[in-house]
Amino acid sequence: MKLQKPLDIAAIVLIIAALYMAFMFAPVERMMGAVQKIFYFHVASAWIAFFAFFITFVFSILFLVKQNFLFDDIAESSAEIGIMFCTIVLITGPIWARPIWGVWWTWDPRLTTTTILWFIYAGYIMLRKFIEEADKRAKFAAAIGIIGFIDVPIVFFSIRWWRTIHPNVVQKGGGGLHPDMLKAMLFAIFAFSVLYAAMMLKRVRIASLSRRIDAIGENNG
Amino acid sequence: MKYLGSISAIVSKDVLHELKSREIVVSMLLFSVLTVVVFSFIFEPGSQFKNEVVGGILWMSFVFAGILGLNKSMMSEVTGGNFSALLLAPVDRSAIFFGKAISNFLFIAMVEIFTIPLFMVLYNVNIFAYGAMPVVIFFLGTYGFAILGTLFSIISVNTRTREVMLPLLLLPIIVPVILSSVQALNIYILGHDPADAVKWMQLLAGFDAIFTVVVFAVFDFIVED
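Each protein sequence line maps, in turn, to chains A and B. Letter by letter, the first sequence follows residues 1 to 221 in our numbering. Letter by letter, the second sequence follows residues 1 to 225 in our numbering.
No wet-lab data here; the hints were simulated from the structure. Do not rely on the hints blindly, as some may be mistaken.
Simulated restraints on C-beta separations [claimed, not checked]:
no.	chain 1	residue 1	chain 2	residue 2	range
1	A	K136	B	E44	34 to 40 Å
2	B	V135	A	G102	54 to 60 Å
3	B	S27	A	W105	53 to 59 Å
4	B	M75	A	I125	22 to 28 Å
5	A	I125	B	K2	38 to 44 Å
6	A	G102	B	M75	44 to 50 Å
Quick list of in silico lysine-lysine cross-link-like pairs, DSSO-like style, CA-CA up to 27 Å [to be verified]:
no.	chain 1	residue 1	chain 2	residue 2
7	B	K72	A	K136
8	A	K136	A	K183
9	B	K13	B	K50
10	B	K13	B	K72
11	A	K66	A	K129
12	B	K72	A	K129
Covered stretches of chain B (chain A as the covering partner; in silico rule of three or more C-beta atoms under 8 Å from a C-beta of chain A) [to be verified]:
no.	segment
13	38 to 51
14	54 to 67
15	156 to 162
Even glycine gets a Cβ: it sits at the ideal position worked out from N, Cα and C.
Okay, chain B solo, but in the shape it has when bound (with noise of 0.2 Å):
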């Protein structure tokens, strides 16, 4: 109960302090939906061969934009000392992981739920056509994104390049992240059966838990001093 009781803590203090500056979301909604917007210059519109890769412009504005907000949130923690204070606190540190990575999954979340509606209406596509079923594909890939995200962005601000390093070591790591939020959000952009779409989600689901279970593991040590 204390930990959970922990984890909350650090969402609630991130979240209202969020809600203050407002500079994590606005800054990366501004950016996802510019990405979304800039890509649509690769392809001549209302192109035929659209659709088949939409789904693959949507995932990479919520990558650049969530890499873009992972820094600036774990640089404000970094720059005032209060990612060493929170070490310090006589709580597990991996609760003070989860809290984070939790506090950016809504980050990232958030601005899913604003870009998608403003994306289908500017490619003209339906991703809900056959249900609900893309929203566990979004959940479970910004999950893996966040969780991953995190860990690296405590890492690379660590870095004397600071935020260089976090696109360098993520984007590799999370390439099954990518190719199966994208093809499974592709199934349901072009109709096809989505009983395929369910393969991706599981491996989807199968690289959340392994890799939560891993940083569970791993944070212990490596913060420690």
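Chain A extracted, bound-state conformation (with noise of 0.2 Å):
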């Protein structure tokens, strides 16, 4: 556990000075004046909320392959701090989209997409609350760790076909964006792939230890 007080520090330093970056460094938008600056935490915790959901995929197939308890208390860790990220997206999405768009909510792929991302692992974590028993638990956590993953970009392209309105300044390699507020973005997208290393570091070791609780308090019982 040598690593966790500089990630912690490290991300502390890193999010304060990604602020920085997007309201100090980065210029204003021009059409949109202030309220764009939300888009810089915006993309980087929607980034952090795919590659958290991903983290859960890849330990929950692990597990079912290994069996090893410490992969499902990855899955399970990431799946929660997956769905805050998830959360904060989907708050900011609409603080930035009523001015801008003139409504807080429109049935956009990527809005949609997002919004059934949250509840399949909202799904998930209810679902681990559930089962008592711990292999149960990690097994069938880790089918839906795995379906839900596999199903989200079939979700996004149907919902594609169906409707599209969202800006597409990253596919475009960053095409309307400045390169000073690119700059901020790929540095609030780091600063947030620290915080979630330091919070994953927290999770895990509280999952392990809740483990051992559980274990000793069998062994008693």
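From these two lone chains plus the hints, build me the complex, please.
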């Protein structure tokens, strides 16, 4: 656990620096004004949410193959942190959308997919709370972790066929983005990645400690 | 051959049990027709926008009734300890799964066969005005629903809350099935270009194929103990 402290400090420093990059370094957007600043943390949160669910997917597979409960702890922790960032995405999005699009919400593919994603992993976390046996819990949760992640691109494509209006800043190689804005965005993603790593380390530790406590309880009870 | 034999043994067991008790199909059928009727209160009778929503109503009635039936079907396996007994049998576990999935598919298809004509009469729409292609939509949509629904019902009945978990897990995952089935069906109801419906059916077929493989790969791992 020597890594924990330096990671915590790095996360705090980097998030403050990311705030500086977003508010001071990056220029104010000509059309949208200050509300565009939310974009840096919005994109970074979205990136971390998807990354976290990807980690849950990978470690769900690893758990099923290797039956090592550490992998289950990692999958669980990553899903929990992922859903937190996913919630941030779903809150910051409408705050930006209201002045720019004129509505809080619209059924665009990325918004809708993110919402469905949120529900899939909310189900994943609920499922874990409702199964007592550690073995069953880990296996069933792994099934949801795998199927849920494979489902996401299919959900996205089906909804894209249905409708689309989300701004495509990243796909066109940062097309309409000022170089300094791009730097601020990439920095925010980096800062959030370190924050994710710091949180993961803590959350996995809690998960394995509570697993140990359960094991002690079973031995004595 | 042995694999197919195990599947058909499970299916015939389920069908026989259902023919005797009639619990699953009858309760599902009643519920799906009831959903169709209750949903008619969301618009004025004879409203001109009716045709744009009725396809969705039909699919929602199948989804809701399907969830009811899946829970019932799996609960009766688990309460008598039959499911554990099946898993002890010296056959491939995924054969047991696909047997259950096929019987669930048959039960839901049965409900659809009775609900669709009633639906067409009550809402005054003819789904089959442009040929029998909607049958393919029902087939693919129901298969996708049954395959994931069966897996999630096994997971759901093993939780403390029993049937509560099934819709919470299943609905977000089957969004592509619901969306493409409804969109494809709407094309036939509204008389739009059938080529667009084929695109949706391809998506459905892709979804079905992907998750058949995924469930086949995962099932063995999640039930072994």
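Count residues of the segment 54 to 67 of chain B with a Cβ under 8 Å from any Cβ of chain A, then say if the count reaches three. Check failed, 0 qualifying residues.
Hinted pair, alpha-carbon criterion (27 Å max): K136 (chain A), K183 (chain A). Please report holds or violated. violated (45 Å)
Straight-line Cα separation of K72 (chain B) and K136 (chain A) no greater than 27 Å? Given that 27 Å is the threshold and the Cα spacing comes to 21 Å, the pair holds.
Just tell me: holds or violated, for the beta carbon distance of G102 (chain A) and M75 (chain B) against 44 to 50 Å? holds (48 Å)
Hey, K13 (chain B) versus K72 (chain B), does the alpha-carbon distance stay inside 27 Å? holds (16 Å)
Between S27 (chain B) and W105 (chain A), does the beta-carbon spacing fit 53 to 59 Å? violated (36 Å)
Within the assertion that chain A covers the segment 156 to 162 of chain B, do at least three residues meet a Cβ-to-Cβ distance smaller than 8 Å? holds (count 4)
Test coverage of the segment 38 to 51 of chain B by chain A using CB-CB distances below 8 Å; three residues minimum. violated (count 0)
Quick check on a hinted range of 38 to 44 Å for I125 (chain A) and K2 (chain B), using CB atoms only. holds (40 Å)
Given pair status - K129 (chain A), K66 (chain A), alpha carbons within 27 Å: Cα-Cα ~23 Å, so holds.
Using the beta carbons of K136 (chain A) and E44 (chain B), state whether their distance is inside 34 to 40 Å or not. Because 50 Å falls outside the window, the suggested range is violated.
Would the hint linking K13 (chain B) and K50 (chain B) be met if the CA-CA limit is 27 Å? Cα-Cα ~42 Å, so violated.
When each numbered hint is compared with the structure, violations occur for hints 1, 2, 3, 8, 9, 13 and 14.
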